[in-house]
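Residues per chain, in single letters:
Protein chains: 2
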Amino acid sequence: MRVFGHIPDTEVGDMFENRAALAKSGIHPPTQAGISGGAKEGADSIVLSGGYEDDEDFGNVIIYTGAGGRDENSNKQIADQKLERTNLALARNKLEGLPVRVTRSHKHQSHYSPVKGYQYAGLYRVEDYWCERGLSGFKVWRYKLVQIDSEPAAEVQDTTKARYEVTSRQAVTVNKIVRDYNKAKQVKDWHQYQCQVCGLAIDTGAGHYAEAAHIQPLGEPHRGPDVVENILCLCPNHHVMFDNGVFSIADDFSLIGLDEQLTLNKKHKIEQAFLQYHREHYFK
Amino acid sequence: MRVFGHIPDTEVGDMFENRAALAKSGIHPPTQAGISGGAKEGADSIVLSGGYEDDEDFGNVIIYTGAGGRDENSNKQIADQKLERTNLALARNKLEGLPVRVTRSHKHQSHYSPVKGYQYAGLYRVEDYWCERGLSGFKVWRYKLVQIDSEPAAEVQDTTKARYEVTSRQAVTVNKIVRDYNKAKQVKDWHQYQCQVCGLAIDTGAGHYAEAAHIQPLGEPHRGPDVVENILCLCPNHHVMFDNGVFSIADDFSLIGLDEQLTLNKKHKIEQAFLQYHREHYFK
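These protein sequences, in sequence, are chains A and B. Going by UniProt numbering, the first sequence opens with residue 1, and the numbers climb by one from there. Going by UniProt numbering, the second sequence opens with residue 1, and the numbers climb by one from there.
None of these hints come from the bench; they were simulated from the model. Warning: the hint list may mix true and false statements.
Identical copies look the same in the list; a pair holds intra-copy or inter-copy alike.
Claimed, not checked - Pairs of lysine-lysine residues, derived as PhoX-like cross-links and limited to a Cα-Cα distance of at most 25 Å, are as follows:
#  : residue 1 : residue 2
1  : K266      : K107
2  : K24       : K107
3  : K24       : K116
4  : K82       : K139
5  : K266      : K139
6  : K40       : K266
7  : K139      : K76
8  : K24       : K284
9  : K185      : K40
10 : K40       : K183
11 : K183      : K266
12 : K267      : K40
13 : K185      : K76
14 : K107      : K284
15 : K82       : K284
16 : K24       : K82
17 : K76       : K107
Turn these sequences into a full structure, and let the hints steer you where they fit.
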């Protein structure tokens with residue numbers, strides 16, 4: 001059975017001499033593959049071993065490159081990567097909110113790599129995935145992994161029925177992007193909280209609810225700006241669909257992947273450069 | 001103009017001798033009202049002054065009670081509170097993701113209150129709101145406020161066009177409830193990722209997406225258990241509607257507030273005690 005999360009009797013920072021020892025610990029069961037996972041279940045563990053020229057490691061944030069398309073001998077990217085098998089597994093982590101164990105090899109080039117052997121770096125969540133042309137010019141799938149910093153769980157008293165377990169709590173530090181509330185509000189006001197795709201404005205009884213969806217994502221590595229020209233007003237369903245590349249938007253503002261029409265507003269200018277970024281990186 | 005967020009030249013921990021000084025600082029403009037806000041704009045600031053018997057203060061988490069229904073002389077709750085005016089303003093903070101400034105008065109009974117005067121406690125987000133019978137037996141609106149811990153923003157290099165501002169970042173510590181992935185997955189599998197209200201299963205191209213919605217919420221003060229009997233499989237839209245009390249579910253599993261039918265599954269037992277909790281606290 002595939003185990004997600006920490007493995008009993010292991011700790012963040014644990015060192016392993018080789019892949020066999022790492023496999024034996026239960027942290028990363030396969031002895032060769034860099035990704036341990038199934039397309040339907042998700043990925044439980046990855047090993048960073050310097051195999052991909054496109055990986056970027058900022059410690060608590062890692063931009064990880066999917067598998068496939070490399071020449072076995074030269075290790076060079078010679079073909080497009082596909083969103084299948086273990087690449088698809090990592091995408092499922094995002095959809096299910098599943099954590100992935102990360103281990104760094106001494107062969108992985110970063111400030112955080114061990115001098116020799118393998119070091120367990122702890123749990124990361126897959127915040128996002130997208131495709132792009134890698135350094136080689138071929139299409140690669142990339143994943144933004146963000147560390148889940150866990151501290152000892154605080155005790156929580158249980159007042160519910162005894163047969164139910166207590167929900168555990170952990171203090172988690174995240175790099176939260178601070179958005180400008182006014183810009184999101186401005187866009188929602190222009191559209192009267194109606195989804196620009198389906199027209200739904202959820203009436204909560206305490207006013208309407210809609211979401212401000214950034215076209216070129218904020219934060220690393222996309223660095224989309226937090227401006228009204230980069231924001232859409234969407235219902236939660238179409239926000240999820242947009243962020244997962246179910247649909248995208250052409251330069252003439254027609255929808256790609258959906259039959260609906262995008263509702264526009266004269267006051268709300270949308271910049272085409274951001275639409276192009278979304279099409280190239282997110283549309284499947 | 002109503003200002004959301006920190007006020008320039010003020011800092012968390014700042015002390016003020018009286019309400020006039022606090023108002024002059026810009027932190028809490030009104031000199032009498034406990035909530036500064038408008039029903040359509042949201043609430044920019046509150047003062048905790050011990051007026052409500054139902055308030056609970058855990059420092060970085062505050063369960064705050066809405067305004068109204070009290071006898072002017074005895075300060076006792078003598079009528080139901082309504083979701084209007086400033087109570088509605090605080091609800092909008094949740095819907096818009098707006099921060100609210102919190103100031104504690106020496107009259108507010110908690111470990112965190114100043115010995116005299118008023119102390120600015122910083123920014124909180126309104127994570128949730130609901131209604132319940134208060135200690136007095138009358139209906140009150142309650143709000144779960146969670147502190148936004150801000151640290152100096154890290155510098156982020158901007159590679160986008162120069163005319164756009166850099167998005168700032170802050171390290172934020174949150175008490176994240178650790179959910180059991182397996183239970184959420186189990187419920188979604190039983191329903192094949194189809195929303196139990198509308199039947200939608202969002203196909204992302206990397207598999208289906210649905211959300212596990214807890215009926216009696218996890219965490220303080222609701223303490224709902226993380227068990228399959230307390231979880232529904234919903235699309236994001238119906239998840240938002242359910243969490244905001246647009247609809248609820250009767251003991252016979254018929255929907256209240258929506259015309260649709262709840263799709264049931266023999267394997268998935270839903271416990272009626274949790275449905276009752278949701279109806280009593282969330283349904284409007």
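For each hint, the structure was consulted:
| no. | hint | result |
| --- | --- | --- |
| 1 | K266 - K107 | neither (54 Å within a copy, 51 Å between copies) |
| 2 | K24 - K107 | within (20 Å within a copy, 59 Å between copies) |
| 3 | K24 - K116 | within (18 Å within a copy, 60 Å between copies) |
| 4 | K82 - K139 | within (8 Å within a copy, 56 Å between copies) |
| 5 | K266 - K139 | neither (36 Å within a copy, 45 Å between copies) |
| 6 | K40 - K266 | between (44 Å within a copy, 24 Å between copies) |
| 7 | K139 - K76 | within (13 Å within a copy, 67 Å between copies) |
| 8 | K24 - K284 | neither (38 Å within a copy, 54 Å between copies) |
| 9 | K185 - K40 | between (38 Å within a copy, 11 Å between copies) |
| 10 | K40 - K183 | between (38 Å within a copy, 16 Å between copies) |
| 11 | K183 - K266 | within (16 Å within a copy, 46 Å between copies) |
| 12 | K267 - K40 | between (44 Å within a copy, 21 Å between copies) |
| 13 | K185 - K76 | neither (47 Å within a copy, 37 Å between copies) |
| 14 | K107 - K284 | neither (32 Å within a copy, 58 Å between copies) |
| 15 | K82 - K284 | within (11 Å within a copy, 47 Å between copies) |
| 16 | K24 - K82 | neither (30 Å within a copy, 60 Å between copies) |
| 17 | K76 - K107 | within (16 Å within a copy, 69 Å between copies) |
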